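Protein chains: 4
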Amino acid sequence: MTKTVQTAIVGVTGYAGAELARLLLAHPRLEGKPPVLAGRVEGKDLARGGIPLVEIHPQLGDNNGASKLKMQPFSWELLAERGVEVLFLATPHEQSRAWVPEALQRGLKVIDLSGAWRLTNPANRAVYAFEDEGTEQAAATQAQAVYGLPELHRKQIATAKLIANPGCYATSVILALKPLVAAGLVDLDRGIIADAKSGVSGAGKAPTAKTHFMSAAENLSAYGVFTHRHTGELLEQIGVSSDEIVFSPHLLPIPRGILSTIYVHFKQAQTRESVTAIYREFFAGSPMVRLYEKSLPQIQYSVRTNYADIGFELDASGKRAIIVSCLDNLLKGAAGQAVQNLNVIEGWPEAEGLR
Amino acid sequence: MTKTVQTAIVGVTGYAGAELARLLLAHPRLEGKPPVLAGRVEGKDLARGGIPLVEIHPQLGDNNGASKLKMQPFSWELLAERGVEVLFLATPHEQSRAWVPEALQRGLKVIDLSGAWRLTNPANRAVYAFEDEGTEQAAATQAQAVYGLPELHRKQIATAKLIANPGCYATSVILALKPLVAAGLVDLDRGIIADAKSGVSGAGKAPTAKTHFMSAAENLSAYGVFTHRHTGELLEQIGVSSDEIVFSPHLLPIPRGILSTIYVHFKQAQTRESVTAIYREFFAGSPMVRLYEKSLPQIQYSVRTNYADIGFELDASGKRAIIVSCLDNLLKGAAGQAVQNLNVIEGWPEAEGLR
Amino acid sequence: MTKTVQTAIVGVTGYAGAELARLLLAHPRLEGKPPVLAGRVEGKDLARGGIPLVEIHPQLGDNNGASKLKMQPFSWELLAERGVEVLFLATPHEQSRAWVPEALQRGLKVIDLSGAWRLTNPANRAVYAFEDEGTEQAAATQAQAVYGLPELHRKQIATAKLIANPGCYATSVILALKPLVAAGLVDLDRGIIADAKSGVSGAGKAPTAKTHFMSAAENLSAYGVFTHRHTGELLEQIGVSSDEIVFSPHLLPIPRGILSTIYVHFKQAQTRESVTAIYREFFAGSPMVRLYEKSLPQIQYSVRTNYADIGFELDASGKRAIIVSCLDNLLKGAAGQAVQNLNVIEGWPEAEGLR
Amino acid sequence: MTKTVQTAIVGVTGYAGAELARLLLAHPRLEGKPPVLAGRVEGKDLARGGIPLVEIHPQLGDNNGASKLKMQPFSWELLAERGVEVLFLATPHEQSRAWVPEALQRGLKVIDLSGAWRLTNPANRAVYAFEDEGTEQAAATQAQAVYGLPELHRKQIATAKLIANPGCYATSVILALKPLVAAGLVDLDRGIIADAKSGVSGAGKAPTAKTHFMSAAENLSAYGVFTHRHTGELLEQIGVSSDEIVFSPHLLPIPRGILSTIYVHFKQAQTRESVTAIYREFFAGSPMVRLYEKSLPQIQYSVRTNYADIGFELDASGKRAIIVSCLDNLLKGAAGQAVQNLNVIEGWPEAEGLR
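Going line by line, the protein sequences match chains A, B, C and D.
Everything in the first sequence is counted per my numbering, starting at 8 for the first residue and increasing by one.
Everything in the second sequence is counted per my numbering, starting at 8 for the first residue and increasing by one.
Everything in the third sequence is counted per my numbering, starting at 8 for the first residue and increasing by one.
Everything in the fourth sequence is counted per my numbering, starting at 8 for the first residue and increasing by one.
Calculated from the structure, these hints are not laboratory results.
It is possible that part of the hints are untrue.
No copy is singled out in the list; a pair is fine if it fits within one copy or between any two copies.
To be verified - For lysine-lysine, the following DSS-like pairs were computed, each having C-alpha atoms within a straight-line distance of at most 27 Å:
hint, residue 1, residue 2
1, Lys274, Lys326
2, Lys212, Lys301
3, Lys185, Lys326
4, Lys217, Lys77
5, Lys77, Lys301
6, Lys212, Lys77
7, Lys301, Lys217
8, Lys75, Lys10
9, Lys75, Lys301
10, Lys326, Lys301
11, Lys212, Lys10
12, Lys10, Lys168
13, Lys301, Lys10
14, Lys75, Lys40
Nothing here was measured: the structure is a model prediction, and the numbers come from that model.
Extracted from the complex, chain A is given alone in its bound form (with noise of 0.2 Å):
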């Protein structure tokens, strides 16, 4: 009980960088060894003492000590004289391409939560456009990197040095197919659709026409269908092709909540109780995924926990399945999900500090 670790956050100012401050404050392993915060604010010098992390996070105040915090202007320096140990990026996709290097140089493990490290193709990767793309220090770093989805790669994860924090969407669509495709069962030739729909605080904090409150509100619209980033996440970790599945986002008027609706055909017909043993020994040992055997899972279930929720139902033939996944997107789709990774990576119990 008594092992811990030095964390640091750099990126706390955004949703996921503030639901990871919450998290890592409460966290049992990490009693009074709170992270150490970094970063830059738009606008305002950080040089003297830095912000309260209250002032940019009002709900935060008193939680565990977090009155106290300060955000301070990041510096290799500042690191090194804190003993950080692990450092989650919740910064920008180019940001964590340039600087994951360097911190895996000086013996830093990294938790990223961007795109930057997540594909190991290179036409998957085409999407980011990444500057430093072809680079031999780009390649050494990316076959370093582990896709951290501990229901897949959970001994990988836990003697790695970078863990590259899955998206939300790829989270949700992989845990529901994962099971299925690998157990052989999915006709891929009929093709699997995913229609998946998130809430606002996954199209991040900048305020922009798509995020304003009379755009967003009383509206459901539908984006970057057949173009989404997380589709490559969904080849790579599935196997399966782009003429496979079709992936398609929506915006959802809510502020948080992943709901992913999933379409399969099997080749042969099914019952309730055979695609429920194939998820449930699956998912055997993964304490943050729940199944939903009777009913179907609902968003409300899964937003402010790190479960990810899966339920189905099968058509009269047992030929058709509709899995329903859900999940939180800022937790099991981000910041609960590199919480989860840090236990396995120090060893501890999957599920700490996340119930």
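Once you have looked at the hints, place chains B, C and D on chain A.
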């Protein structure tokens, strides 16, 4: 311009009934001819002069004379005395089933907003379990019914005695798919997916656990997957078998609006132009359909209008398409469509009173 | 019935501008006379024929010919060529301040939706810090302005050249209080409290931290307490001093609507009847005010109408009252009131095109 | 650290009951001591082993062993067998009224979340119309009750047998006003206004016309003005007469959270510093109150925390103040406060399990 008609509404207390009253009161051809309102209100004695409409729907107050209208106890005599020629039924399925035969006998034209007479195939009607199923009267009445989707059946509607006003989801999906299926583009063997999302008014006015604000707000849930009653309308109107389409509705945390995301495979590769051309031709002469040729429609654009908005995206191969179809479930999905049908019956411009 | 008028809108890109376009396009006296739309759009070249209105506001498409309208680059010559007689300005305060003098010189009647010309007392105007404050031109222009609240100033509006369309909050509070204060009922020494709550459209279309969905949704916040710019309108129009009233606005997590809860002490005990009589008399001949005599109005009843809804409750002593006043901030609080003013100017029925 | 206690909850099916279960399951002093859950569910037979908690509240699944908990049929024997020492009642007022005397007789400590025992003045209790009013047993029970607001009555709570957990609105208003009134600052003759706004969970779980999504969403309504049942708590706890305060609640279109805007006149001009000093002194040693000294609190900051957030603004004269007070009606306004009271009774740190 002088021709007019006396209408009546049964079921003005519900959401669709309120919209219908609002539309008929503002309809330029019905100036000075407000609808007769007839019905019952739980626990209220209608006998003495009726209940003021504005007491039931305060938002209608003083609109075009609404403040003087009262809902009176229903009787066939009342309709006769007031010279009613067109009867709108915004009543439960069973009530429409029971009343329509007598209304037709009495020479009334009926526009029925319920699901009572929409389905010609008894197998598709089975989900309703109508008590009069199999009787001669029911069969004779059904034989007179026309499915009230003007974009498909304008001619038959014009001379019909009984209009079965379509379901809200069904309108949204049929308008998106019919042109493509009718043109023979769609590879039905690969299956169509219709993932539809509706605002809460679609669930009706009765307070239930499902319509409680705490259940519906900040939530999204799938329901009636593989079994929803509007499926039969899709089969009959689009002309596909139940093996060829999956329809899956969801409850959105907004008051009104439907967005359907529809996934099809084409037999041959298509271009944006070829698909657009098919839609344009099909909807030439249909003033209440708006094609989105440069972007996708959003729920917000169609809500509180009588338009069905349709747009689509093709994948790079031109063989897969995602069609997005939006409408207001209380207008193009119910009361607005009913008025559109009235316009067709009376020979008025189809969009009269609907802009 | 044949008299009509050519209108123009500057500022059609905002929320009030869109509502104004919708109302003018549907106005029965303006059939075949769509408003000229003039303005600028950031980053768009209007030079070649302008931007289609439906590209800016897709929801307006095909409504009464909206699909053919374009927003063109503003010039005085354009207005002259098109024979514009009434100019609606839905522009920022400073722009209205700059343009109105020239518009008047050119013989246009102006209905200005900004706060530029609402206040006659320079002390109340100080919060705007207008650059031309103190110039002769500004004084001469202000002298021609009439505060565009028809319920108070119908006669002056009828012959005015410059209508200063009231603030949304101000309309809500003035209509509730003016009848009681004018009748001498209110004990001003004990102070009036106006606790007002508005939907997000009142905060404008610019994406900001405040209008981000994540800040506004599931929230309520007070702002501008003791300092909001609409306060001056209350003082001047109700006829009270700043010691006698507190006005305190809040941001509601809904798109539109204002509800003001107003607390007064009466000098003498009143009855429901005595207070009702005063309101009835004051608003006789005011078709856009609805008195709620048996219950309190709710935001929902007035949203998407041009009505101001007013109701009240007395305490047991008859000496304290709570008045509840609701309206749609974009209609009776902005664009609808502007059209009401147009009706007054033109001598048309005041509610024409507003029901 | 080893001391613990066996708790029970009656009424776990409601919103406050669910929060209470969640809090007790995660409370560090109650590890391995889940609450006994007892009650009834309409139409369900609890006899055979009870209903799983996760069937009633799916969101609680797998949290700290919640998945093993069942709600069992209530009996005093069950409580005795399971060694229950502290009984939480999240039951209707009448049920609390009926059960508390027996619970006390049986030696249980009771924390009652209803309004049954909050009011000592029979005149204030009249609105509840309790059937046992005037009986000796009721009087004897009432005499043992302590109003469970730790910030005011910490000492008495510590030794109380019966804690009357405060109303949600009352907590919000009392905490904001008591320090200022107790310090003699407020000019009561000029009257206090408390304009309060609450999310829908405050209206309870029963589906009604008022709690229907369509009524509550996109709306704001005032209700119970001059007559709300929490008024009596304000009078007794703040120490003012009904002539000196007006309390006016509103229903907000959000799930949870209360914001009260409170208007006071001071006898003497105050400064920001003088008022802040009074609040600081009053709440020294109160870990669950957060003072906002530079800005005003917003509902969003306090929701899903057990904090009461308080801030204020003075006018230029220093003689009028607007105080804004926010809390989560299900936490600091109900279940969280109940746990805070448990902490006080047991001598644990007051914020234990509440951060």
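Each hint tested on the structure:
In the homo-oligomer, the alpha carbons of Lys274 and Lys326 lie at most 27 Å apart both inside one protomer (7 Å) and across protomers (23 Å), since each shortest distance falls under that limit. Only between protomers do Lys212 and Lys301 lie at most 27 Å apart by alpha-carbon distance; the minimum there is 23 Å, versus 37 Å within a single protomer. Taking the shortest Cα distances, Lys185 and Lys326 sit within 27 Å of each other both inside one copy (18 Å) and across copies (26 Å). Taking the shortest Cα distances, Lys217 and Lys77 sit within 27 Å of each other only across copies (23 Å), while inside one copy they are farther apart (31 Å).
In this homomeric assembly, Lys77 and Lys301 come within 27 Å of each other (Cα to Cα) only across copies, at 17 Å, whereas the closest approach inside a single copy is 47 Å. Within a single copy, Lys212 and Lys77 get their C-alpha atoms as close as 20 Å, which meets the 27 Å cut-off; across copies the closest is 33 Å, which misses it. With identical chains, the CA atoms of Lys301 and Lys217 are at most 27 Å apart between copies only, with a shortest distance of 17 Å across copies and 37 Å within one. Only within a single protomer do Lys75 and Lys10 lie at most 27 Å apart by alpha-carbon distance; the minimum there is 24 Å, versus 30 Å between protomers.
Proximity of Lys75 and Lys301 under a CA criterion of 27 Å is satisfied inter-copy only: 17 Å between copies versus 46 Å inside one chain copy. Taking CA atoms no more than 27 Å apart as the test, Lys326 paired with Lys301 passes inside one copy only; the shortest distance there is 19 Å, against 37 Å between copies. Taking identical chains as interchangeable, the C-alpha atoms of Lys212 and Lys10 are never at most 27 Å apart, the minima being 35 Å within one chain and 45 Å between chains. Taking CA atoms no more than 27 Å apart as the test, Lys10 paired with Lys168 passes inside one copy only; the shortest distance there is 19 Å, against 42 Å between copies.
Proximity of Lys301 to Lys10 under the C-alpha cut-off of 27 Å is found in neither arrangement, the shortest distances being 41 Å within a copy and 39 Å between copies. Taking the closest pair of Cα atoms, Lys75 and Lys40 come within 27 Å of each other only inside a single copy of the chain (12 Å); across copies the shortest separation is 33 Å, beyond that limit.
Consistency note: the structure conflicts with the earlier hints numbered 11 and 13.
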